[in-house]
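Undergrad: With chain A fixed as given, assemble chains B, C and D onto it according to the hints.
Protein chains in written order, with the working numbering: chain A, 1 to 326; chain B, 327 to 652; chain C, 653 to 978; chain D, 979 to 1304.
Keep in mind that a hint or two might mislead.
[To be verified] 27 Å max Cα-Cα, derived DSSO-like pairs, lysine-lysine:
#, chain 1, residue 1, chain 2, residue 2
1, A, 200, A, 96
2, C, 833, A, 181
3, A, 106, A, 200
4, A, 181, A, 200
5, B, 507, D, 1159
6, C, 706, C, 833
[Stated by the list, open to error] Take a look, some chain B residues computed to stay more than 12 Å from chain A by CB distance:
#, residue
7, 354
8, 359
9, 362
10, 385
11, 386
12, 409
13, 435
14, 443
15, 451
16, 458
17, 496
18, 513
19, 514
20, 519
21, 587
22, 612
No lab work stands behind these hints: they were computed from the structure. Just so you know, even glycine gets a beta-carbon here, dropped at the ideal spot from N, CA and C.
4 protein chains.
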Amino acid sequence: MNIYSRRVAIVGVTGYAGQELDRLLASHPQIQVVGRFASKADEESGAEPFSLEKLGSYAPDVVVLATEHELSMRLTPALLQAGYRIVDMSGAFRLKNAGLYREWYKFEHAAPELLAEAVYGLPESYSEQIHGARLVANPGCYATATILPLAPLYKANAIDSTCTVVVDGKSGVSGAGRQPKPETHFCEVNENISAYGILKHRHTPEMVSQLPGATFDRFVFTPHLIPINRGILNTIVLRPANRASVRSILSDTYATAPFVRVFPDGRMPNVQNVTRTNLCSIGIASSGPNTVIVSAIDNLVKGAAGQAIQNLNLMLGCEPAAGLLS
Amino acid sequence: MNIYSRRVAIVGVTGYAGQELDRLLASHPQIQVVGRFASKADEESGAEPFSLEKLGSYAPDVVVLATEHELSMRLTPALLQAGYRIVDMSGAFRLKNAGLYREWYKFEHAAPELLAEAVYGLPESYSEQIHGARLVANPGCYATATILPLAPLYKANAIDSTCTVVVDGKSGVSGAGRQPKPETHFCEVNENISAYGILKHRHTPEMVSQLPGATFDRFVFTPHLIPINRGILNTIVLRPANRASVRSILSDTYATAPFVRVFPDGRMPNVQNVTRTNLCSIGIASSGPNTVIVSAIDNLVKGAAGQAIQNLNLMLGCEPAAGLLS
Amino acid sequence: MNIYSRRVAIVGVTGYAGQELDRLLASHPQIQVVGRFASKADEESGAEPFSLEKLGSYAPDVVVLATEHELSMRLTPALLQAGYRIVDMSGAFRLKNAGLYREWYKFEHAAPELLAEAVYGLPESYSEQIHGARLVANPGCYATATILPLAPLYKANAIDSTCTVVVDGKSGVSGAGRQPKPETHFCEVNENISAYGILKHRHTPEMVSQLPGATFDRFVFTPHLIPINRGILNTIVLRPANRASVRSILSDTYATAPFVRVFPDGRMPNVQNVTRTNLCSIGIASSGPNTVIVSAIDNLVKGAAGQAIQNLNLMLGCEPAAGLLS
Amino acid sequence: MNIYSRRVAIVGVTGYAGQELDRLLASHPQIQVVGRFASKADEESGAEPFSLEKLGSYAPDVVVLATEHELSMRLTPALLQAGYRIVDMSGAFRLKNAGLYREWYKFEHAAPELLAEAVYGLPESYSEQIHGARLVANPGCYATATILPLAPLYKANAIDSTCTVVVDGKSGVSGAGRQPKPETHFCEVNENISAYGILKHRHTPEMVSQLPGATFDRFVFTPHLIPINRGILNTIVLRPANRASVRSILSDTYATAPFVRVFPDGRMPNVQNVTRTNLCSIGIASSGPNTVIVSAIDNLVKGAAGQAIQNLNLMLGCEPAAGLLS
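Next up, chain A with everything else stripped away, as it sits in the complex (with noise of 0.2 Å):
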């Protein structure tokens, strides 16, 4: 088998997500983007508008959608049906209930039929489903920096369920995509920091899914917006259950994983510390009752591409942390 065997198109190459992601594959020794399309047809970016017969003459193994999620709902059931396997990093397949698109997104889902069968592209918890998936539905950055250092504790029961977790996250505006908008002009967002979303950011549900006991009632989250350009820190506020370590709970479960580390007492993550790598770095304090997680991110990696690329390796059988360690 040819070292570069691995045919991966992308369709909406143009915005940050997809353009980050064409530029680590280029350094990936066994997958080869052989399809580059945009959203719009943008001429300056090399990338061509995207069509099924185009995408044919590619032959790709699996697609991935950087796209908008109404163009990401639009596109998969006939992507599928032609037989390809897909990476969607938008959010159109990432909560299992029409019921929330319905809620969150303030939408009616296109293709609910799919919901069951997409996989959440986790690879810390999904691997063996993404393996075989046909539909993987890449985490939003937000939760990814939640979901990574909150499911372990979830699943052991070790946070006291009569309290309220609190999620304070703060982004970098690539975040945000490439479109310029009034809110993501630089004199409005330099010099500035603000909170946006309250209590309807489309990535609690998410969060709120993938935490096993988690409730709307008792899980706040909270997304604001921070004059850099790569990055996501979220602080987290919990209170554990009885006698539960937090620390041990979260050093046993990533305690090989290639992409997760947890800080040693005393230290804590800074976005610097995971900028342009695939890392999320997780720190702990506690003091009385209460314990403080600070999970760290570079969304536009971990938060997007890079684990787009941990969900490709492991659809294509490729080592799981290939292309992502330089």
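TA: Leaving out everything else, chains B, C and D in the frame of chain A:
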């Protein structure tokens, strides 16, 4: 009486807070800065080294200490003995209990006998006491942005006391002072976000002390350093007690306060809304049992120099908002 | 005469320059903003759509156009005909020669008959003409920071005319206006520096026109976009003519100018020196035959709204620095 | 020969340049970092204090000095005597004339006898000499971005020598090193632009020395500090000699150079184009007699660590671009 009849001296005029105070007082209609002292002699700044003799020659009505808490603690007894009134911008006299200094500041207080007398300089809460005070402890920046929205709720028993109140603070770098340090070197702050002082920050006991009913077990404050010069945004998550109306309590409390604005439903403040003003803006959102409050101040104005001027106005009989409305 | 007797209307009050003008005039002791019009109707801003009827109802003494040059060029003839005096903040009337508009702005001027009458609104050069003008063309931001240091030198024949004068301008992003564009999207500006409009920028003919003896062959201006909100720094390299003293010419010219400061030998201005002031600060260094001049302004104040107020003060008989000294 | 057979030690590995070199060499296919020394002992960094004995125990093929010029000047003679080859990243051996050190660096050179032997480490100009050199002086960051576009033009007599060449440099803050200083404190750099070292910067003699025919009278370099972490943009204004084609000279010179890109007409590089790459991108625009060249590099890569790797590759017989293409 001459319109410039009130005389103020500033010790520590070369730091960011002292400099801002000097700048703001330059357009105050009734207060004149008569002396400007450096903490350390600083030739470029036009500030002179402090001495009691030199201070005496300026005959100030009030001395403002824009100094580190060690120096404030050392100067204050002598200044009071010499008959001066003081606004201290450090943390040296904000707590009532010398034990809290031992626990949170890690020092033995040098003038514990003054802690009871010192008035906490939050004009929205203590205007009468400030009016006649000898020693006013100007509040901390994070504490101001926390106590203004939370104190009325605690006072009204409007918070479910079985649930932890979580305050996530984000501050610009001027809050860390002017002294160059590795952690405030441009390249370390820019394109970065970091949490610090987790579960150990000195403003925590200040907040808990000022919030009747709050306890360290049920109150978590986490500050973050953000790559902007000025501004604090606090994101506060709490669970209101049964039937309590957070919005109406805050709106009623601050209906006539010149510097606190409760935003209408659906609007949230950001840092640019308040930069270079003495305002604290407050937004409120609720969903199910949870409420999120976002408060914003300029850390150098309402969080330091502007609030000091509010205190000076009260102490010296000026209009409450004098010098703060341009 | 009532202290608020001068009445000004602003068209384009929702852009950065219009907004700054409105903000600054709020503390002007003698000028009142009586009408606020949006270029396009903008509900959030409190601005109303422009109409001549509505304008008439406010009876303004002067109309300030904080609009794009196309709109300024279209509105001006009708406003003059209706008897209003105008300060236009766009480039529409800064050049005397309609051919320059064709060459540098790429349009045919719609009101070339007004170009001769329009007074270039640089108060340091044209205060008498501004006093009685019907139409004042408020200078461009880069042009202001260039002409103030260079015009006295050209007038004194102090520049070696065989050598090219090189002006390297760096501007904050507010100079590009409020409209979101791909090139002002946060992620494209942040952590970036770019040159633009190289050898084609529209402020070039404005500079050359105002510098007696300058020619396009011997004058090169290159603007750059820098990741800050406000401020312009111009770095100017020239060769003085024999025995000319750049420093004494500039010091003498601006000895009594309220808003131009010539720094002493060894000190150079930076952007923070002038932010939120109407100052233009100028530093000078020489070595061998070469001289470097650095000038700094706030592009929204001395480069736009503050300078417009200087012009309004002259037109309306207020003190030259009224409303600009806080 | 083992693929890791080349052994390099880094002195000064805790500074920004040393750190970047260590990071980049981690993925070099043929070079191994065998020793990491701090300038000053720095426990956190994992670097050890330098000693000749300790260095000897690692048996490096080349020692890279990522140290200040004082330390480089002091260590170099002893290292050469002990038989090591050196790449020095400081300015200590970049100039051929000890008098220039007296004039521009203000010190008496401690090893003037080595200046003649030292090879200026610009691989695009001196690859053969670098191949066999004992001592390579890695160029300055501004100098690299200046000499690459200008040296071919000077060599071809393509510049009108009666006209001054003006280089306006803008650099990110990592160029100022890791040591906290008042002028690199976050609040002093952020929302600011400043010129520094005007007509006195130490890279000026380095540039003039490397540009045949350039003179201090006809060459002006002005550096600026810009609020970004990484990157240099140089804007160069010159007057080409009669009929000289700047574009064709540069295109021809760098047709096969792996790290220099001459942009097509109409396109200009910016800093983001080159960040975290070893590229120098060059754009050219002309109008009438004037030409503007814009060059961009990452100051820590092509301006420091990446260029050092190019030099190591030449000295150690690796492929010219090894370790620099990821």
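Undergrad: Taking the hints in turn, state whether each one holds.
TA: A quick look at each hint next to the structure:
| no. | hint | result |
| --- | --- | --- |
| 1 | A/200 / A/96 | 18 Å, holds |
| 2 | C/833 / A/181 | 8 Å, holds |
| 3 | A/106 / A/200 | 11 Å, holds |
| 4 | A/181 / A/200 | 20 Å, holds |
| 5 | B/507 / D/1159 | 8 Å, holds |
| 6 | C/706 / C/833 | 32 Å, violated |
| 7 | 354 | 26 Å, holds |
| 8 | 359 | 28 Å, holds |
| 9 | 362 | 28 Å, holds |
| 10 | 385 | 40 Å, holds |
| 11 | 386 | 35 Å, holds |
| 12 | 409 | 43 Å, holds |
| 13 | 435 | 22 Å, holds |
| 14 | 443 | 31 Å, holds |
| 15 | 451 | 25 Å, holds |
| 16 | 458 | 38 Å, holds |
| 17 | 496 | 5 Å, violated |
| 18 | 513 | 9 Å, violated |
| 19 | 514 | 7 Å, violated |
| 20 | 519 | 4 Å, violated |
| 21 | 587 | 16 Å, holds |
| 22 | 612 | 7 Å, violated |
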